[in-house]
Every structure is written in structure tokens, then in C-alpha cells.
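**Q** Letter by letter, the chains look like this.
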Amino acid sequence: DTEVTQTPKHLVMGMTNKKSLKCEQHMGHRAMYWYKQKAKKPPELMFVYSYEKLSINESVPSRFSPECPNSSLLNLHLHALQPEDSALYLCASSQVHRENSPLHFGNGTRLTVT
Amino acid sequence: DAKTTQPTSMDCAEGRAANLPCNHSTISGNEYVYWYRQIHSQGPQYIIHGLKNNETNEMASLIITEDRKSSTLILPHATLRDTAVYYCIVSRFQGAQKLVFGQGTRLTINP
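If you're matching them up, the sequences are chains A and B in order.
Under the numbering used here, residues 1 to 114 are what the first sequence spells out, in order.
Under the numbering used here, residues 1 to 111 are what the second sequence spells out, in order.
Be careful, since some hints might not be right.
[Said to hold, decoys possible] Among chain B residues calculated to face chain A with C-beta under 8 Å, some are:
hint	residue
1	Y34
2	G43
3	P76
[Stated by the list, open to error] Far from chain B, some chain A residues (derived; all Cβ distances over 10 Å):
hint	residue
4	L11
5	K38
6	V60
7	S86
[To be verified] 30 Å max Cα-Cα, derived BS3-like pairs, lysine-lysine:
hint	chain 1	residue 1	chain 2	residue 2
8	A	K41	B	K3
9	B	K52	A	K38
10	A	K38	B	K98
11	A	K19	A	K9
12	A	K53	B	K69
13	B	K3	A	K19
No wet-lab data here; the hints were simulated from the structure.
Cβ atoms here follow ideal geometry from the backbone N, Cα and C, with glycine treated the same way.
Generate coordinates for the entire structure from the input sequences, incorporating the hints supplied.
**A** Quick look at the structure:
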């Protein structure tokens, strides 16, 4: 069990679908992250939110649209994805103003694009 | 952020100490060394971190060389459940952290 909850655990979507991934934490963390992980590869950073504002976008294609509606929730809206976007999408959270605050990860959403 | 170099894979016998090395020769003075692990089909799990001094917690020990150019993660009594990919990451504090994962070491604990 983790303190970062991601839903759904698995998602299959077509290339014309619109879907959303959700992430929730109740640890009072004000930084939240999206990572993408392809099979047998390390996680790759996509987005970072700090105090509900987007602070880092690692040149992610616009078919991925993040949203942080409040300090506990993080969404990733998906539209017009490609089969190569199939991956494990990981959410994480951390404190902002503690210099040594580790990231807490959820167990991810495994996305398959058909 | 400084890059890290880790062996691709390692094996260790159950019950023995697992020593995982990491080279970070370009580390800056304000950069921390973090260790995470990822067990199959789960999200990465934080293990330990340090700046200059050696650190120990309930999971592991972290030994950082005096020049800070390398470190070793020690799992004192490895169990089968410690089989995972272990990531050594160097990162400075930037408010919200930009944690960049390298390839990691695949550690297999053998019975």
C-alpha cells in the first residue's frame, strides 16, 4: 500500500479517445509529479506542480495535459494518444520547503493505447 | 544535476549484505545522494538519502566517500523481497525536486 493513490490501475484506450488519469494524496504535500515509464526503462519526468502551479514541463507533447485542481489532486488528461504512449504512468508527491523531502510514489496506471 | 553510474546488475545470497555502488564524480556541493528502489509492478520506493555524512535507517545504510564522488548502499541482511531495481540519484534542492532516474542496478537476491 502507498499513501499516493492512482486510478485507474489499468486503462485501455483507442487513439481517438479522451481519458484522464487521477492521483490523490493526503500527506499535505504541495509538490506533485507525473512520470512515464516504458517497459524495462527508468521513470522519466513529465511534469512538476508546486503549490498547484505547473513549475516544470519536460517538453511533453500537448496530447498530455496535466491539471492540479487542488493540493491533494493531480490529473493527467489524455487525448489523441499514439500506441507508443503505452506505458506505466506514475504519480508522486513531496513537500516543497524541506530540503531533504523524498518523493512518495503511487503504484501507477498501466496505460495501453490501441 | 550530476549524473550517476551504477552496475547494470548484481546478485547477492539471501541473508548476506548487499553492497550497491554508485559513482557520481561530478556531484556539486549542494547536491544530495538519494536511493530509491522499484520492485516489479510497483512505484519507486524511497530508501535513504545523504549529503556528506553516512546515514542509516531501518532499511539500509548509505556510505558516502569523503570526496563525495561515490557512495554505497548497504542492505545488511538481504531477503528475497529485496529483489528490485535500485536507483542512485543525485539532486539538488530546487523547491519541488527534479528527480532524474538513471538506468539503475537490477539486484537479484538468490535463496
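**Q** Decide, hint by hint, whether the structure agrees.
**A** Each hint, compared with the structure:
1. Y34: 7 Å, holds
2. G43: 3 Å, holds
3. P76: P76 of chain B check fails; min Cβ-Cβ to chain A is 20 Å, beyond 8 Å.
4. L11: Consistent with the label, L11 of chain A stays out of reach of chain B, its closest Cβ about 15 Å off (over 10 Å).
5. K38: 12 Å, holds
6. V60: Label holds. Min Cβ-Cβ 14 Å, cutoff 10 Å.
7. S86: Per Cβ check, S86 of chain A is outside 10 Å of chain B; nearest 15 Å; holds.
8. A:K41 with B:K3: 16 Å, holds
9. B:K52 with A:K38: Violated, at roughly 33 Å.
10. A:K38 with B:K98: Holds - the C-alpha atoms of K98 of chain B and K38 of chain A are around 19 Å apart, at most 30 Å.
11. A:K19 with A:K9: Holds, at roughly 13 Å.
12. A:K53 with B:K69: At roughly 35 Å apart (the allowed maximum being 30 Å), K69 of chain B and K53 of chain A break the hint.
13. B:K3 with A:K19: Violated, at roughly 35 Å.
The structure shown violates the earlier hints numbered 3, 9, 12, 13.
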